[in-house]
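Going down the list, the protein sequences come from chains V and S. Residue numbering for the first sequence is 0 to 215, as defined by numbering that gives the first Met the number 0. Residue numbering for the second sequence is 0 to 261, as defined by numbering that gives the first Met the number 0.
It should be emphasised that the hints constitute simulated quantities derived from the structure, not laboratory data. Since the structure is predicted, the reported quantities are computational estimates derived from the model, not experimental observations. Using N, Cα and C, we set each Cβ at its ideal position, and we do this for glycine too. There's no promise every hint is true.
As the list claims (entries may be wrong) - Some chain V residues well away from chain S (every beta-carbon gap over 10 Å; in silico):
no., residue
1, Lys-23
2, Pro-65
3, Val-91
4, Leu-117
5, Ile-159
6, Phe-163
7, Phe-167
8, Ser-174
Unchecked claim - Listed below are several chain V residues computed to face chain S (Cβ distance under 8 Å; list not exhaustive):
no., residue
9, Phe-130
10, Leu-142
11, Leu-155
12, Leu-172
13, Asn-176
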Amino acid sequence: MTTRFLIYLTLLLLVCLLGLFQYKRLSRPYRLLTLFVLVTFLSELATRYFARVYVNSGPVYHLYLPVQYFFITAFYGNLLPRWKTALSWSWVVFVLLVLVNAMLYQSPLHFASNIILLSCPVYILCALLSFRNMLSLTDERPLLRQELFWYNTSTLFLYIFTFFCWSFYNILLKSGNTVSVATLTTVMYVLGLQYYIVTGIVIYLDARHSKKKDEQ
Amino acid sequence: MNNNISEIYVFIIAGILLFGILAGFIVSFVITYYKKQQQNAREKHILQTQFNEDLLKSTIEIQEKAFDDISRELHDNIGQQLSAVSIYLNLLLRDAAHPQDTRLQSCADIIGSSLQDLRQLTQTLLGEKITTTGLVQSLKLQVERINRLGICTANLQTNVPTVRLNPRKSIILFRIVQEAISNASKHCPGCTIDIGIDQRPRSLQITISDNGPGFQTAATQAGGIGLINMRSRAKTIGAEYRLSSMPDKGTSIEIVVPEEET
């Protein structure tokens, strides 16, 4: 287990614990987010186990990516009631596409990068719709203290760059450019770290907001 | 190797461009959001002010309705009963064995005086009466009533016999003066209250001042219900309200109704 991975796991565990300690205080979307971080933590542990025992962690990602899709779209579905039905139906379509990809393009033993490329536009769209929704339902709180602003920003950055990196990644792998592949991996690692740090802040902000509302 | 380096350059440039676009988007969102927040705050403030004004108008209307009801009740019920007692007393006086009995005469006088007070009180309570009688005349009656009651000494000075005001404003200005007199008589019984009506070319100015103990305006301005009422009433008719008072220097209230508001 590399130091980089240990830092990543520790961060996930801390965010997860923060969410679980504040769970009762959190609003529904942020409870989903906490569960999502918990699932991510467990899946990351599972990837290590699979890598050590079966020398392949591919199957974990084939299972994890639909679960991730479920949690993120459920999070936005709670915040965007008009899009809830469409996002719920998209789960069915997404699962079907995951199955088709596993059967025809990337078997469970391969990394499911197609699924990542497929899910990113949906997450980006959700974040943009949420930004638009924020403009129509402005909160009195300063924007920089609003959890949703930070989460949307973080989601936008992570998934736009993930999409960008994976698009390059596949091309670079084919051309055998190992230097660039390493750079891309580092970029994605850093993006992942920023995403989970912001998620921790977001959970804290939501808990604090709920506490203030209760006190009022 | 060259191909690898050029691919890294492409990646870095594309990444920087993407980052710039994203950062630009977030900055423009923050600016738009702040503008929207400010606009909402302004709209909320306008709505709140409108609501407060409507609430104040309703309160004043309800108060006027209550005054009217009390006035009619006093006139139709107690007034009629006192009139009946007065008639009976006069009959008693006529048929009495000793018509010179001063006790019966005193009773008749007291009842007569009470009836007169009651009539004036009903007039000052009835908004309709204030508008038909006119502001200046109504204030004269009020001053007479105060002087007769003997709690305070009131004087009215005016440079015009009548003022041109719409009925609603007349009633509200009358109520402000009534409130000021009531405050003065409550806090300094026996003081002198001077009421001035000054019709100016572009405004109407009403001043109510007394030689009472006065108070620190800074300490009382926010709290006193009477003062708040006067200020609120003045605001509803677009009049300017000024209060000045100092300990041992008396109190003065100035109401200025601009021409377009009269």
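Status of each hint after checking the structure:
{"no.": "1", "hint": "Lys-23", "in the structure": "30 Å, holds"}
{"no.": "2", "hint": "Pro-65", "in the structure": "27 Å, holds"}
{"no.": "3", "hint": "Val-91", "in the structure": "31 Å, holds"}
{"no.": "4", "hint": "Leu-117", "in the structure": "19 Å, holds"}
{"no.": "5", "hint": "Ile-159", "in the structure": "6 Å, violated"}
{"no.": "6", "hint": "Phe-163", "in the structure": "6 Å, violated"}
{"no.": "7", "hint": "Phe-167", "in the structure": "6 Å, violated"}
{"no.": "8", "hint": "Ser-174", "in the structure": "7 Å, violated"}
{"no.": "9", "hint": "Phe-130", "in the structure": "6 Å, holds"}
{"no.": "10", "hint": "Leu-142", "in the structure": "5 Å, holds"}
{"no.": "11", "hint": "Leu-155", "in the structure": "6 Å, holds"}
{"no.": "12", "hint": "Leu-172", "in the structure": "12 Å, violated"}
{"no.": "13", "hint": "Asn-176", "in the structure": "5 Å, holds"}
In terms of the numbered hints stated before, the structure departs from hints 5, 6, 7, 8 and 12, listed from lowest to highest.
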